[in-house]
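Chains as they are written, first to last, in our numbering: chain A, 196 to 559; chain B, 196 to 559; chain C, 196 to 559; chain D, 196 to 559.
It should be emphasised that the hints constitute simulated quantities derived from the structure, not laboratory data.
Copies of the same chain look alike in the list, so a pair counts if it fits in one copy or across any two.
Calculated lysine to any residue pairs in the SDA-like style (CA-CA distance at most 25 Å, straight line): (1) K238 / R365; (2) K557 / G464; (3) K446 / R348; (4) K454 / Q503; (5) K409 / G311; (6) K396 / A294; (7) K454 / P356; (8) K469 / A499; (9) K446 / D360; (10) K396 / N471.
Number of protein chains: 4
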Amino acid sequence: MSGSSFGKIFRITTWGESHGPGIGVVIDGCPAGLALSAEQIQKFLDRRRPGQSKYTTKRNEADSVEILSGVFEGKTTGTPISLLVRNQDQRSRDYGNIAELFRPGHADYPFTEKYGIRDYRGGGRSSGRETIGRVAAGAVASLLLGELGISVRAYTKSIGPYTVDEDDYRYSEIEENSLYMPNNTVAEQAGQYIASLMAEKDSCGGIIECIADKLPVGLGEPVFDKLDALLAQAVMSIGAVKGVEIGDGFKASLSSGSKNNDPFYARDGHICKKTNHAGGSLGGMSDGSRLILRAAVKPTSSIARTQQTVNTSGENTEITVLGRHDPVIVPRAVVVVESMTAITLADLLLQNMTSRMEHLRKIY
Amino acid sequence: MSGSSFGKIFRITTWGESHGPGIGVVIDGCPAGLALSAEQIQKFLDRRRPGQSKYTTKRNEADSVEILSGVFEGKTTGTPISLLVRNQDQRSRDYGNIAELFRPGHADYPFTEKYGIRDYRGGGRSSGRETIGRVAAGAVASLLLGELGISVRAYTKSIGPYTVDEDDYRYSEIEENSLYMPNNTVAEQAGQYIASLMAEKDSCGGIIECIADKLPVGLGEPVFDKLDALLAQAVMSIGAVKGVEIGDGFKASLSSGSKNNDPFYARDGHICKKTNHAGGSLGGMSDGSRLILRAAVKPTSSIARTQQTVNTSGENTEITVLGRHDPVIVPRAVVVVESMTAITLADLLLQNMTSRMEHLRKIY
Amino acid sequence: MSGSSFGKIFRITTWGESHGPGIGVVIDGCPAGLALSAEQIQKFLDRRRPGQSKYTTKRNEADSVEILSGVFEGKTTGTPISLLVRNQDQRSRDYGNIAELFRPGHADYPFTEKYGIRDYRGGGRSSGRETIGRVAAGAVASLLLGELGISVRAYTKSIGPYTVDEDDYRYSEIEENSLYMPNNTVAEQAGQYIASLMAEKDSCGGIIECIADKLPVGLGEPVFDKLDALLAQAVMSIGAVKGVEIGDGFKASLSSGSKNNDPFYARDGHICKKTNHAGGSLGGMSDGSRLILRAAVKPTSSIARTQQTVNTSGENTEITVLGRHDPVIVPRAVVVVESMTAITLADLLLQNMTSRMEHLRKIY
Amino acid sequence: MSGSSFGKIFRITTWGESHGPGIGVVIDGCPAGLALSAEQIQKFLDRRRPGQSKYTTKRNEADSVEILSGVFEGKTTGTPISLLVRNQDQRSRDYGNIAELFRPGHADYPFTEKYGIRDYRGGGRSSGRETIGRVAAGAVASLLLGELGISVRAYTKSIGPYTVDEDDYRYSEIEENSLYMPNNTVAEQAGQYIASLMAEKDSCGGIIECIADKLPVGLGEPVFDKLDALLAQAVMSIGAVKGVEIGDGFKASLSSGSKNNDPFYARDGHICKKTNHAGGSLGGMSDGSRLILRAAVKPTSSIARTQQTVNTSGENTEITVLGRHDPVIVPRAVVVVESMTAITLADLLLQNMTSRMEHLRKIY
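Isolated chain A, as found in the complex (with noise of 0.2 Å):
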């Protein structure tokens, strides 16, 4: 099936393995008269490229963007804009000694079983590099929402039990700090647990939490395609994320109903909220006050200690994950947490434009 493709109207298609000949995605459905080059899209792999601090993979990606269609003179044309990233620091050697096992926590044998082949070079189409062409087409949607005036920023939250708290936010600070943190104290006390684990070839997790502005009320279909659902589908399709979370999340199970829900007053003809439980979404639909989203992130899988696991003829046997690979991947994940909000925003708001008549009688 067509699982590669996400979006109904902004439709991107990623493709490509981390050992293969590049990575890339295809964004079918942009529309015209949008300025894009390849400069700006380059801005953003840069955010995900590993070897930027101490606590991301050695690995030197150049990961440089070539535009092969969609746009002319500057601008996009309409036509499907096609973007290749060519892969190069492919050592295929690190990955030989796992072609026969699998690695726990990895898609190594579901892959198998579904597919009775796997390219095992760094984990194939299940790598982490297979978000190269999200955060290209994140890139594009976030220059599109921009010019509407919509902003979308990710940063991480937590590393571990290491916490921003609300209170504590200095959105100032995230690009202080290579873990992205809102608040640079507790970024360098989640930094000293991270290189406690990698001294013990352990790996952590985090929680990364995103956030949009000035979005257009009523974005989002009312039923299964309820803004919360598409951007639940959109993060939780990031290979290490267990877990998302709207507004006040798992902790509105805990409230009650005349604390959760957040009163209505008007202001100089705008109508707004005196809290934001909701995370800016009632009943599927953005409803004019921020965005929240938060997004779990599980330990990185690849860990340098011996591990139990099984061969792929079904025998007991230990792994030994080689490689160089992210103590936590949260800070890198920020900009494709960032990018799949911006692509199901980006989407959404296509969506909306049909929704009335009048809208319609605007245009033709």
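Based on these hints, arrange chains B, C and D on the given structure of chain A.
Frame of chain A; chains B, C and D shown alone:
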């Protein structure tokens, strides 16, 4: 856009408003040859019917289902299955006073902004009655899964702060208490908690857990249509759900790789996992272990207390939501979560048939 | 698979068998704010109703439509529009003798091979009654197009060898003869031709032409979803249609570039074409000229003559198809072709809204 | 909208403009375990390459394909297959003079109106080079069908008025003449006809026929996704195609039921048809007979003669289309029609796997 459909092969389309002539669903893509009767579907619908305990609304909704197409001589024919439930107990008067008010926590405001028109009677399309179509389709999906030995079961894990710990699960007790909790003692305490909130014209939320057993390995598509991702969309698309997690979910973000990875081992020619932190999904595909997901349900938004709000003219005012409402929707939502899980699994089961050339050769 | 749905934004899903409880359609994606009543839909349905002339079956099918959802206070709400027509005159006896026979020219044999089960009563899902859902949806699409000044109209161009040449078109006469031909004289001759075939227990076919005026320029997507391509699918999906052409169609294969190219010229600030060999479509997009398509309809397969066939046990035998059948389905299929054209155009009109950034800025 | 994708399970997405960096296709949903090499795809691409005879353009397009993903150790892995063909011989100068002119018969005018921007170089996205992606995907589809014993073959039935009658078909001669006609004598006459038009700076069209053998019975979905309907969309979506028919097609409209119905008979336990007026499709599903379809191709729109037109400022003017163009595109379009047919069949073959519960039991 077509936001009222879900699934790619086993594809359901729901329709209907709470106070219109009826509610229904069309299931396209159900394989031919499945034994199916209205009675079997009715059993599922009866599980979401109100009026069954003191914690659910007193509305008397018979919700009797009629099969309009797709079944011949007791078996599905491969053509669309159309299911209809007529609305009966529609006290439109109760809702008259909210025609010009935006209820806090409800879809009223974004719905009006999106469409410029709103069927205000009982929430219209955003009513909980929309889930009737989902549950009717869930019954069909469950029967299909059952034919292949797959079982899906949901229950209430917690009501507000009253949680059943995994060690205390007694599955046989689920049907013994009106909250569908796997522990009668906790259910008793939770019931008192609900009663205390009802006395204060307030409401509460909770957590629903859903498990599936005997899934073939490899269900789910590796990128955007991961098992977890589609389940997240499916479950988050239920009205009051604000968070979804698979396996250890948010807790995994606090763990380490060495603890969170589930080691493989072989037994009697089968590949098993020593633990199941992953909740039955690796790389977005089923791994042969029990599938476990949880959904966080917010407190019922409709409460009898007076709340601050705005009217459709943009003026500050107050609202008192009359009518008969559940103080907690969790017990009635259990079968909805189970249904959406079953529908997602049935669809992925069918999708997965086309994954290998070997499968084609078995059929052609 | 979901073969019972058509369209991407204005998306219809039909369901129902000829001898089940009813036939219907769900329209998802119709914009909110379109005035819509059951009477307006009924008018369309009445055009395909049998028993209106001596050349159509004598079955008495009231085919009364009920709007089950999606309309509130006379306007569409943006939610799915569910339309139901109960089956009434179901003489199952007439079809009993064909339960174990494969009727020549019918779907019986491949249907049985595909599904292993077949609702043999009156053709089941492959009955012409399936088009009731299409026509009901076509009514809604036509109303939507009408709001934007677009008109769609189909008529009978030929019955067997009796053709109305373009020079002899008198559109006002279409409603004056029971064959819906734009020339009463040719219709008279065609009527005698049909009568002669009826006398021999035989049937005939013909050609339906459909035109659309005042289309905006640019409808249709440049590659697979070309205006012509989607119209071809839409019209070829009608039971008895065996060929589709746009503009000069097959005749264009005999022409030369210098004759077939339609020269452009400017008049009063508008870009026009001197001729319209293209039939209103260039590169798969509407070009501002009249859209013209033709559909070839095969002779009715159900004839009272004895025919050779095979039974479900694989034995050679004979069949005499009883029941009341149209000697030619062309007149009743006219409104079906018109409906499928309108549905396709409505969908492409909505799709086209998202083609330019400028359009987004007009709405947001 | 996503108009650059086709198919539901075997789903292709093409991208690229004639004068951009390259052209390509992503195939998602191809089952794992199909032997596939660049050489096999190249063979198909070479069939559409220009410069092979005096009747095709002299442009030298190497059109060398690179497999970027989805194949490992010579077999498909079940992940998306990305195929890239770099553009090489891009004489942009030749097209400079048409930047501000709308070429008659081309997409220039509606494209500009639709998007507000147009890559005018060589037709951009509306160039015939877009079919490279289709043919590359068609190669993969053909290999898949071949594994199941299904063959698909297209050829030129007529060039202008020069037609090969069915009685005169000599399939072995198809590869012997540069027009791919199944009769060398007619091909010789057609060649002279083309030469005479070239001398007058004019062009011609023709008819392509495509046949498929050994299809399983039951391919195609009964309502909108009928075998005929999807083939009609697939083939009509090819640039210059103006008409499509199945079996007797338009001729069937002149026949009678008693002649047009194909009688069934049993032979050696198989169900056969005495005739094949239906062209292998009954009720939109394959019936076990040879599938036959025809596509009408209009004369090449690019002719060197001076033509009347309008410029982008809306002024009347003249145009002379320079560059190297095929006087007839039929021979090069043969492999495109074959490819689109193969892609449609592969997709329906995969869709059909899910039609029966029995099929599920064979796999799970």
